[in-house]
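S.K.: One line per chain: the protein sequences are A and B, in this order.
Using numbering that gives the first Met the number 0, read the first sequence as starting at 0 and increasing by one per residue.
Using numbering that gives the first Met the number 0, read the second sequence as starting at 0 and increasing by one per residue.
Everything labelled a hint here was simulated from the structure, so no lab data went into it.
No experiment lies behind these values; they were computed from the predicted model shown.
All residues carry an ideal CB built from backbone N, CA and C; glycine is no exception.
Heads up, a few of these hints could be off.
Said to hold, decoys possible - Here chain B is said to cover these stretches of chain A; the calculated rule only asks that three of the stretch's residues, wherever they fall, bring their Cβ under 8 Å from a Cβ of chain B:
id : stretch
1  : 95-106
2  : 109-116
3  : 159-170
4  : 268-279
As the list claims (entries may be wrong) - With the Cβ distance kept under 8 Å, some of the chain B side facing chain A (calculated, not the full set):
id : residue
5  : Leu33
6  : Ala35
7  : Leu139
8  : Thr146
9  : Val297
10 : Leu332
11 : Met339
Read off the chains here:
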Amino acid sequence: MEILDILLSASFWAAAIRIASPLIFAALGELICERAGVLNLGIEGIMVVGAFAGWMSVYAGLGLWGGVLVAMLSGMAFGLLHGVLTVPFGLSQHVVGLGITLLATSLTYYVYRVALPEVTSPPKIAAFQPFEIPILSDIPLVGTALFSQTPLTYLAFALVPLVALVLTRTPLGLAIRAAGENPSAVAAQGLSVSGLRIGAVVVGSGLMAVGGAFLTMSAFNSFFFEMVNGRGWICIALVVFGSWKPGKTLLGAILFAAFDALQIRVQQTSLGADVPYQIFLMAPYLLSILALVVMARRAQVPAALMVPFNKGSR
Amino acid sequence: MRLEPIAEPGLGRTLGLPLLALAGTIVIASLLALLAGGAPFSVLGLIIKGAVGSKFAALETLNRATPLIFTGLAVAVAFRAKLWNIGAEAQLYVGAVVTVVLGTGALAWPAATLLPTLALAAIAAGAVMLLVPTFLKTRLGVDEVVTTLLLNFVILLWVSYLLEGPLKDPMGMGWPKSARLITEARLPRLIDGLRLHWGFGLALLSAALVWVIQTRTTLGFEMRATGLNREAARFAGIPVTRVLIKTAALSGGLAALAGFSEVAGLKGSLTLDLSPGFGYTGIIVAMLALLHPLGVVVAALFVAGIFVGADSMSRAAGVPTYIADIMLATALLLMVLAIMLTRFRIRRD
């Protein structure tokens, strides 16, 4: 019954919410890109850039929110590159995305080495501290889990309804969704499909970078190689799992994070002593694949996802 | 702006633009080397010297190109049929695992029968590895980009488990490393006394074979038609699902041969760092080759040259090794752009 004890502990859920936070930022970013019709496989690299840029800015004395801003802007720069190559030029979104990931990751490591040549273990920064929301944080279990987090977590959760609202209730959101469903109709309205798609990729990439920055500025307080460790790829699965809807994607992120937090704890129980640790580490990936299989039938893929749009041809 | 197809691109365009992309890559790499404290103009020289400057360097480049030819071919055949195989890394590792399981004494046969058996077993394992995502795609509509990508992580963890458990070498001083292959299971050297092994020959043979399949057989035609327009192909009576399954078997098998060749030809045993991302680099190789099987050989040699050359350059000039990765990413992005511009021209509205 050790597992039940874990599931009923506040620290477990607090950890799950913390693990979910970077995934929420990045998955929302990916969702915005894909809703506009662009698959962004640059996500993994853009998260690395965000993690490094946020950390480096704070280390250089820019302040925490300044660091978040720098991280977002660096992510947006790579988003712009991705958008320009895939939208007006119509290059393969798979190839450009993987290219951006390789470019962003290797450039980050390069800048790290050039900026801090002598450093062997990366210095810690004074990161975001948990902020206990008065009254709400006193609620048993839920209070500790949800309302004693760092400001970036609150921001992540606040962004979910905001993105949902913008996408479904505003003309801009309608235009973005139409760019991913039926770009010809958007063009017929006199709107720029390229503009909408590039804009969506730039904004989405900014969010991915903030997701990366969460890792250095709210979780590990330091930057090290491999720290993003496949989280970007998981976010791509989360978007499919969430049927391209912000609310369901949030749910997917929390489920995934809960599972991840659980496997860390189960490893320390008697069960963990018998089962090789690799099985626990594999579980989140296998779970993602399983979730995709379950959700595939009901998923509403944006009809024009990965389809380039060229005004000249029909 | 919009893009307008060019009916007959001139020779200047078809050759000039890719060369311009290469020049751009070199300029960027030189600037980065300068910023890191190296001398910019020596970078190119040092890379070329490091890649092909001596017999040892050139053979090292050929060795490094071998797994890239296999993974590049694997990606190229799949992408041509629009089967987005991002999982060559996983397929490579299962190929290596099978080679180690059967080649460390389980089958005590002479080399003439053992080596083909190992290769075929690896191919079969790699094929199954890609058939699962392909089956999920054709039957259940699960996106294969995500499944093949996620399976890379699963397989790497599985290999890590094997190397710390069932496949761990008892003589390995505690390192997560498999036992060594028996002598009969080792691919012989291509030239006596030099490190280059028959895996390279097998890679060239595979490229030729894929080229024949794609240009001279019905399957090749069906794969191309399926890739161009799946609906139209289905309408024309091409059994699209069966073609995708055959493509998956071929692609997964080729990637697994990279694992077989690295273990049997070069390393002799399995470790967790058998592949420094050969599966992912295969995507770059395939794209630089325009998905052409013979182009894959040239592109793999080029990419291997950058890796080997940049490695030696970074040692000589004291700049970070990541410059090789930056060069590859830049070359990839500029090259796909250049290739597109050889076929389209930009018109302003």
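S.K.: Which hint numbers does the structure go against, in order from smallest to largest?
M.R.: 3, 5 and 9
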